[in-house]
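Student: In the order they appear, the protein sequences are chains V and X. The end of the first sequence is residue 209 by numbering that gives the first Met the number 0, with every number in the run present. The end of the second sequence is residue 125 by numbering that gives the first Met the number 0, with every number in the run present.
Worth flagging that the hints you see were computed from the coordinates, not collected in a lab. Cβ atoms here follow ideal geometry from the backbone N, Cα and C, with glycine treated the same way. Where hints are given, some of them may not hold.
Facing chain X, from chain V, some residues (calculated, C-beta under 10 Å) [to be verified]: (1) 91; (2) 147; (3) 152.
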Amino acid sequence: MLNILKKFIQKVFNDIFSHRGELKLGFYGPPNAGKTTLANKICMDWVGEEIGKVSEIAHETRKVSVKGEVEVEHDGKKLTFAIADTPGIATKIDYEDFIKSGINRAKAKQRAKEATKGVIEAIKWIDNMDVVVVVLDATKDPYSQVNITIIGNLAARDIPVLIIANKTDLKKASIKKVQAAFPQYDVVGMSAKKGKGMDEFYEALFALVG
Amino acid sequence: MVTLQLMPYSQIEGLSSLGRIRKLLDVAKDDTVVLLQGRLKPEEETELIKATMEKINKDFKGIELAVVKPGKTKEGGFASIKNDIINAVLGDRQGFTLVGPANIVKAIKKDPDRIQLMMNKSRKRR
Numbered sequence: 000m001l002n003i004l005k006k007f008i009q010k011v012f013n014d015i016f017s018h019r020g021e022l023k024l025g026f027y028g029p030p031n032a033g034k035t036t037l038a039n040k041i042c043m044d045w046v047g048e049e050i051g052k053v054s055e056i057a058h059e060t061r062k063v064s065v066k067g068e069v070e071v072e073h074d075g076k077k078l079t080f081a082i083a084d085t086p087g088i089a090t091k092i093d094y095e096d097f098i099k100s101g102i103n104r105a106k107a108k109q110r111a112k113e114a115t116k117g118v119i120e121a122i123k124w125i126d127n128m129d130v131v132v133v134v135l136d137a138t139k140d141p142y143s144q145v146n147i148t149i150i151g152n153l154a155a156r157d158i159p160v161l162i163i164a165n166k167t168d169l170k171k172a173s174i175k176k177v178q179a180a181f182p183q184y185d186v187v188g189m190s191a192k193k194g195k196g197m198d199e200f201y202e203a204l205f206a207l208v209g
Numbered sequence: 000m001v002t003l004q005l006m007p008y009s010q011i012e013g014l015s016s017l018g019r020i021r022k023l024l025d026v027a028k029d030d031t032v033v034l035l036q037g038r039l040k041p042e043e044e045t046e047l048i049k050a051t052m053e054k055i056n057k058d059f060k061g062i063e064l065a066v067v068k069p070g071k072t073k074e075g076g077f078a079s080i081k082n083d084i085i086n087a088v089l090g091d092r093q094g095f096t097l098v099g100p101a102n103i104v105k106a107i108k109k110d111p112d113r114i115q116l117m118m119n120k121s122r123k124r125r
């Protein structure tokens with residue numbers, strides 16, 4: 000039964016990414032790390048439209064959003080990506096946290112319900128990625144188990160990983176801490192919100208998959 | 000009062016991945032922090048997160064999780080070879096896994112030298 004379900008999900012995924020030659024580029028990470036902000040920046044740069052809505056409140060992205068045929072050019076080289084922006088992965092979701100952020104009770108409960116489904120969906124999609132950008136908030140503790148679990152899973156599946164230490168525009172941000180936590184990976188420091196570090200990002204991405 | 004249940008590796012050794020996850024989650028859902036001897040595989044960690052998400056309701060908010068691997072030795076030569084052999088023999092028995100219900104454990108902070116469990120000050124008893 001599980002195998003049938005897995006094959007069905009795989010088929011749906013393959014249908015979405017039916018264009019030949021596209022690299023499936025996933026954006027993973029904990030909630031509110033800036034995955035959608037970075038994915039939006041890339042999509043705006045190359046196709047002129049955003050992939051999703053950004054919010055200060057966690058779990059704004061509760062479904063996997065896909066943007067295909069994103070042709071990126073760097074140093075005279077072109078690559079075409081299908082970009083998948085995934086919901087933030089968490090081990091706990093409490094609707095009361097959303098109420099504290101100013102959302103009414105009914106909407107908070109609905110948001111929590113959708114967020115739990117989003118986490119499950121994000122995990123299910125890992126297997127289908129060709130390359131993954133793990134977006135971490137550089138102002139936070141990089142040793143969180145969610146970060147380690149995501150990166151450990153990608154390593155176990157031999158999926159190339161690029162780590163982004165995001166939010167370097169904030170005082171508390173430390174790229175060094177992220178590098179120290181994951182010394183075996185390329186870490187690019189950037190501020191997706193301010194668009195700083197994009198050249199370094201494309202450089203590292205092309206070096207990884209180009 | 001917080002209950003900490005120590006779970007030797009022998010209790011999960013014969014179980015499938017799903018069985019291990021179910022066992023850990025059942026204990027955590029019972030307002031108990033579990034300290035498991037040994038560690039989960041990366042795939043089991045994500046399965047545990049998925050299973051946790053499926054169980055979330057108004058009483059169960061999820062878990063805090065920490066998987067601790069044995070530290071790498073800085074020594075070379077024989078000590079390094081000895082550690083490689085121990086790792087090969089013991090495999091997943093090394094290290095430990097800490098799982099706590101989110102209504103009790105606020106956060107688990109982990110760095111290479113220490114682990115800190117931050118507890119929730121006031122929590123609702125079910």
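Student: What hint numbers does the structure not satisfy?
Tutor: The structure breaks none of the hints.
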